[in-house]
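A.B. asks: Sequence:
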Amino acid sequence: MATRLMYKALSIAALGIALSVLAATTTASSASSNTAALPMSDQTSTVFDPVGDPIFNDMPAFQDFVRGQLTKTVDGGFEFLIELVAPVPVAPPLPPRGHSEIWWFWIFDLDPTTSPEGYPWQGQGSAATRPPEFMVYVSWNGTEFVANAIDRRPLLTGEEAIVTPVTFSISGTIVEAVLPFELIGAVPASFHWGAFTGNWAGPVGSSGFSFADYCESRVVFNP
59 MATRLMYKAL SIAALGIALS VLAATTTASS ASSNTAALPM SDQTSTVFDP VGDPIFNDMP
119 AFQDFVRGQL TKTVDGGFEF LIELVAPVPV APPLPPRGHS EIWWFWIFDL DPTTSPEGYP
179 WQGQGSAATR PPEFMVYVSW NGTEFVANAI DRRPLLTGEE AIVTPVTFSI SGTIVEAVLP
239 FELIGAVPAS FHWGAFTGNW AGPVGSSGFS FADYCESRVV FNP
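Numbering (the working numbering), first residue to last: 59 to 281.
Worth flagging that the hints you see were computed from the coordinates, not collected in a lab. Careful: at least some of the hints might be erroneous.
If you anchor each label on the Cβ, the simulated ranges turn out as follows [stated by the list, open to error]:
#1 R125 <-> S248: 20 to 26 Å
#2 P151 <-> S248: 17 to 23 Å
#3 P223 <-> S264: 18 to 24 Å
#4 I232 <-> V132: 18 to 24 Å
#5 D169 <-> T104: 18 to 24 Å
#6 T131 <-> S229: 15 to 21 Å
#7 G230 <-> V278: 26 to 32 Å
Note that beta-carbon positions come from the ideal geometry of N, C-alpha and C, so glycine has one too.
Required output: the full structure, derived from the provided sequences and hints.
C.D. replies: Quick look at the structure:
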């Protein structure tokens with residue numbers, strides 16, 4: 059599947075495993091049935107993850123996340139946050155499983171009935187068919203930090219995935235990114251999302267991805 063790249067992006071064979079785990083349990087952030095959502099206020103969904111539970115024991119603490127957060131702003135855009143066990147170094151050492159790039163990222167599963175096939179996943183059929191319709195990531199490639207949004211929705215109609223730079227910041231243990239409304243547009247009132255960290259052992263877009271940490275609970279944005 060062709061891909062229009064403005065920067066680098068993600069291909070994750072293992073993400074299907076994590077998304078299966080996300081579907082196992084439910085942690086909902088929602089308004090009380092007796093309280094109407096406030097249309098003029100930011101709306102936030104938060105997930106917490108245990109300390110010291112990275113996928114591999116040799117993963118650095120700046121890839122072990124303890125809190126993920128998604129906020130829908132009053133203008134319809136989104137703000138993302140991951141809090142880590144240890145501060146992100148100015149120049150993080152690339153671990154053996156991530157000698158190409160390190161990732162901190164968030165996914166949107168906007169429609170549980172669809173799974174776009176193609177970028178950023180490699181291969182055909184189930185190898186490249188994954189639920190997220192939208193992704194935002196912050197990465198370090200050994201030289202610089204960058205952040206991009208990946209819109210996978212065009213893949214559903216045979217078009218190219220769209221990769222666009224977004225604003226981000228890193229301060230100590232906090233990694234944040236901002237997604238303007240113009241890039242994602244209107245989304246369902248309720249949808250699944252998840253927070254992750256991971257490593258690229260090969261070029262982005264190859265099969266060389268492995269998880270560092272991900273939330274073990276299914277998260278529903280439903281303010």
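A.B. asks: Determine for every hint whether it applies to the structure shown.
C.D. replies: Taking the hints in turn, this is what the structure says about them:
no. : hint                      : verdict
1   : R125 <-> S248: 20 to 26 Å : holds, 21 Å
2   : P151 <-> S248: 17 to 23 Å : violated, 40 Å
3   : P223 <-> S264: 18 to 24 Å : holds, 21 Å
4   : I232 <-> V132: 18 to 24 Å : holds, 22 Å
5   : D169 <-> T104: 18 to 24 Å : holds, 23 Å
6   : T131 <-> S229: 15 to 21 Å : holds, 19 Å
7   : G230 <-> V278: 26 to 32 Å : holds, 29 Å
The earlier numbered hint that this structure contradicts is number 2, and it is the only one.
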